[in-house]
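Each chain is listed here by its residues.
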Amino acid sequence: MTTASAPLIELSNATKHYPGVLALDDVDFRMSVGEVRALLGKNGAGKSTLIKVLGGTERLNSGTLRVAGREVNFKNPKDAIEYGIATVHQELASVPEMSVAENISLGRWTTRPVTGIAWKEVSTVAKAALAHVGVELPLDARLSTLSLAQAQLVEIARALSLGAKLLILDEPTSSLAVHEVDLLLQVVKRLSERGIGVIYISHRMDEIERLASSVTVMRDGRNVGDLSAGEATPQRVVNLMVGNADPGDPVEAIPTHAGDVALTVTGLTIPHRVIDASFEVREGEVVGLAGLLGSGRTEILRAIVGAQPGAAGAISLDGKPLRRRTIRSTRAAGIFLTPEDRRAEGAVVMLGVDENLVMASWNKVSSAGIIPRERMRETVTATIKKLSIKVPRRDVEIATLSGGNQQKVVIGKALNAAPRILLMDEPTRGVDVEAKAQIYTLIRRLAAGGIGVLVVSSETEELLEVCDRILVLRSGRIHENLPIHDVTRDSLFEHMIRRESDD
Amino acid sequence: MTSARIDAPTTRETGPSAGLWVRRHANEVGLVGAIVILYVVLAPLAPNFLSSANQFNILRDAAFVGIIAWGMTLVLIAGEIDISVGANAAFSGVVLALMITHGVPIILACVLVILLGTLIGLGAGALRALFDIPSFIVTLALWLGLRGLAEVMSSAVPVVIPDLGFQNLGGGNIGGFPNPAIFMVVLLVIFIFISRRTVFGRSVYAVGGNAEAAKLSGIPVPLIRMSVFAITGCLASFAGVLFASRLGSGNSEAATGLEFDVIAAVVVGGTSLFGGRGSMIGTLLGVLFIAALGNGLVLMGVDPFMKNVVRGIVILVAVFVNIVSTKRLSRSR
Chain D
1 MTTASAPLIE LSNATKHYPG VLALDDVDFR MSVGEVRALL GKNGAGKSTL
51 IKVLGGTERL NSGTLRVAGR EVNFKNPKDA IEYGIATVHQ ELASVPEMSV
101 AENISLGRWT TRPVTGIAWK EVSTVAKAAL AHVGVELPLD ARLSTLSLAQ
151 AQLVEIARAL SLGAKLLILD EPTSSLAVHE VDLLLQVVKR LSERGIGVIY
201 ISHRMDEIER LASSVTVMRD GRNVGDLSAG EATPQRVVNL MVGNADPGDP
251 VEAIPTHAGD VALTVTGLTI PHRVIDASFE VREGEVVGLA GLLGSGRTEI
301 LRAIVGAQPG AAGAISLDGK PLRRRTIRST RAAGIFLTPE DRRAEGAVVM
351 LGVDENLVMA SWNKVSSAGI IPRERMRETV TATIKKLSIK VPRRDVEIAT
401 LSGGNQQKVV IGKALNAAPR ILLMDEPTRG VDVEAKAQIY TLIRRLAAGG
451 IGVLVVSSET EELLEVCDRI LVLRSGRIHE NLPIHDVTRD SLFEHMIRRE
501 SDD
Chain L
1001 MTSARIDAPT TRETGPSAGL WVRRHANEVG LVGAIVILYV VLAPLAPNFL
1051 SSANQFNILR DAAFVGIIAW GMTLVLIAGE IDISVGANAA FSGVVLALMI
1101 THGVPIILAC VLVILLGTLI GLGAGALRAL FDIPSFIVTL ALWLGLRGLA
1151 EVMSSAVPVV IPDLGFQNLG GGNIGGFPNP AIFMVVLLVI FIFISRRTVF
1201 GRSVYAVGGN AEAAKLSGIP VPLIRMSVFA ITGCLASFAG VLFASRLGSG
1251 NSEAATGLEF DVIAAVVVGG TSLFGGRGSM IGTLLGVLFI AALGNGLVLM
1301 GVDPFMKNVV RGIVILVAVF VNIVSTKRLS RSR
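Same order as they appear, the protein sequences are chains D and L. Quick note on the working numbering: the first sequence kicks off at 1 and runs consecutively. Quick note on the working numbering: the second sequence kicks off at 1001 and runs consecutively.
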């Protein structure tokens, strides 16, 4: 199908805008047969939009896409697959209670009249696809019994059985354990040797070095650099990713004074994620926890509050060890977590702002289990005012609010529980610029008031804005403890993506 | 972002406009409309439908469904289901009658039976909350087991309660209002209070709306789940006591299919089967709707089998209209 001269895919002058955001800005992007391309960029740089356009889930506003020299216009992922472009998403799209073989030919099972699905052929197809990938898996095993890495390989096998010429892998290693990463890298290498192109989103320099034949860096919706593997030094990549962008209005400088050690974490180990992490958080101090997606950041926060099964290690508050931690016991001790995913874990979106605000502090607004309206109204009104939450009514459903206001409600809920230590997982994800700045100011103010804050964030700028000190988590270990005046955007990012051999 | 949202005052203390009130109570307004339509249709078709004696009949029928429905509303809001309530009511009636025939004082027997019903509910809740057995399965097993046990204990014949005065509890009335209806109203007031103004009630909404968020907020999720089943168990056995009193006997075949009337009433009342949403007033309207419909069909002389077909269709239509209209009315928010 492909002629020698035509590239596998060629995207020219691609532009895509969402309301208020220019996600792709005149992007050119081409891939040749058998190339492995690492796609890098910060959150919001346009990587996701680019792979969505290639995978058929988003349509361009302008620009052209050619596959093997032919201009195409994908309306949906099915169109893209017909042209040999398949995407394996972070959230795997397989059916957990079906077998490996069924999943590989999901929805395309060969059927015969009367006898129905021809299981033999389904198995044959699956076997061939797995052989193509170069792995062996029991065909009749249910997906739910496999590891995440194996499930990922099944999806890759499915993509190949669909005739994929270009495979798009969206942060494939972010949720894998260290030894599973190697297996995946071998598979990708083998596929590229057979002429299958791979686009691979990752920020781990060691993986990129082992795997990629070329690198594309995106920033603010533009392709800011196509580099060969040799040119892509960490320094160069970071420079391209960060650029010389205007740092924006500085957040109101609120001085904090670190007091006594409040939270001490010693030897925290979480299977397949975190190895022997030790650190402390003082009263009135904002500590950042930096690390790539999948580095174990979220798990550390969850382990501290007792919501991470299998975590081992000692945690103490004011020198008093917290044994047999549960969410209720750590909350009572004064540790509170605002989770990463607001809709899934942070708020009850079908309930009102008022109820969400007092959900973690009923004892504050009730006596003998009964809620006096007046007291609840006072607390809620005070919190709304304090955090300047924009709501038409106190009892409006959270679901109707903007992301920033939803996040403020989640933070307000935590504050009403009067925490001594506040753990914040991605406190500004999906939040607009104005609300972001307000949340930063709020975090600084909380610390100035004596609360110890531990912030996890994928955005280096965010950590640099709000933290007094930043811990860097890499390959499951805490490698650095950097006072804020010793870090720059570039150096922080380099610490996060650095290879182990550089240490 | 619209500028309207940004410019909106942080909190608005003025009373809500009529339009807003209707939008926020779309569900209840729709149900009142449905009941009015039902009355308008049934009045000319069903003889004596509007007579005060018949209206009291409707109230009495509504009471047995309603008393349990208050608890069932909490169960559904918590994202659970309890289909054992009819069997629990029959079982309680049989146990009560047996106790009384064996010489246990009536008041003590009533207290013990209701306590037993509560413990049965608590046990079902514990299986759900602590071992993650789906509540449908737990209560399905209970539905079979309790009804079977009642049949075994009574040899499937009514156990007569040899005390005529006791029949007053479930069969009597005050100023025309049937006693069960009075219990229903008293319990309704209590449950409105529980659901709106107590930490427990609001925690039920939180658990059903998002159990993960509730857990991270320190709400004792397993305890809440166990409690809602204990409540339906308690109410079901109380309804069983009233039933036995009205019939003058403990009957293992009593309250057959009651669980489905109760669940239908709660769902017609706008409570979500997926949890997190629902109101006692909605359930009250659902109960009245189901009771009036059943009564009207009897008066019209509809064949009992055909009656079930009609009830099935009307319940489906009511829920359909309710969901569609609630969506439409609340969209402009």
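Source of the hints: derived by calculation from the structure; they are not laboratory data. Ideal Cβ placement from N, Cα and C applies to all residues, glycine included. Careful: at least some of the hints might be erroneous.
[Unchecked claim] Keeping only pairs whose Cα atoms sit at most 30 angstroms apart, straight-line, the calculated BS3-like set for lysine-lysine is:
hint, chain 1, residue 1, chain 2, residue 2
1, D, Lys189, D, Lys78
2, D, Lys386, L, Lys1215
3, D, Lys320, D, Lys390
4, D, Lys78, D, Lys127
5, D, Lys436, D, Lys364
6, D, Lys364, D, Lys390
7, D, Lys436, D, Lys385
8, D, Lys386, D, Lys364
9, D, Lys386, D, Lys436
10, D, Lys364, D, Lys385
11, L, Lys1215, D, Lys320
12, L, Lys1307, D, Lys385
13, L, Lys1215, D, Lys390
14, L, Lys1215, D, Lys364
15, D, Lys364, D, Lys320
16, D, Lys127, D, Lys189
17, D, Lys120, D, Lys78
18, D, Lys390, L, Lys1327
19, D, Lys436, L, Lys1215
[Said to hold, decoys possible] Chain D regions said to be covered by chain L (calculated; three or more residues, Cβ under 8 angstroms):
hint, region
20, 74-85
21, 232-238
Hint by hint, where does the structure go against what was stated? Just the numbers, ascending.
Result: hints 3, 12, 20 and 21 break, sorted rising.
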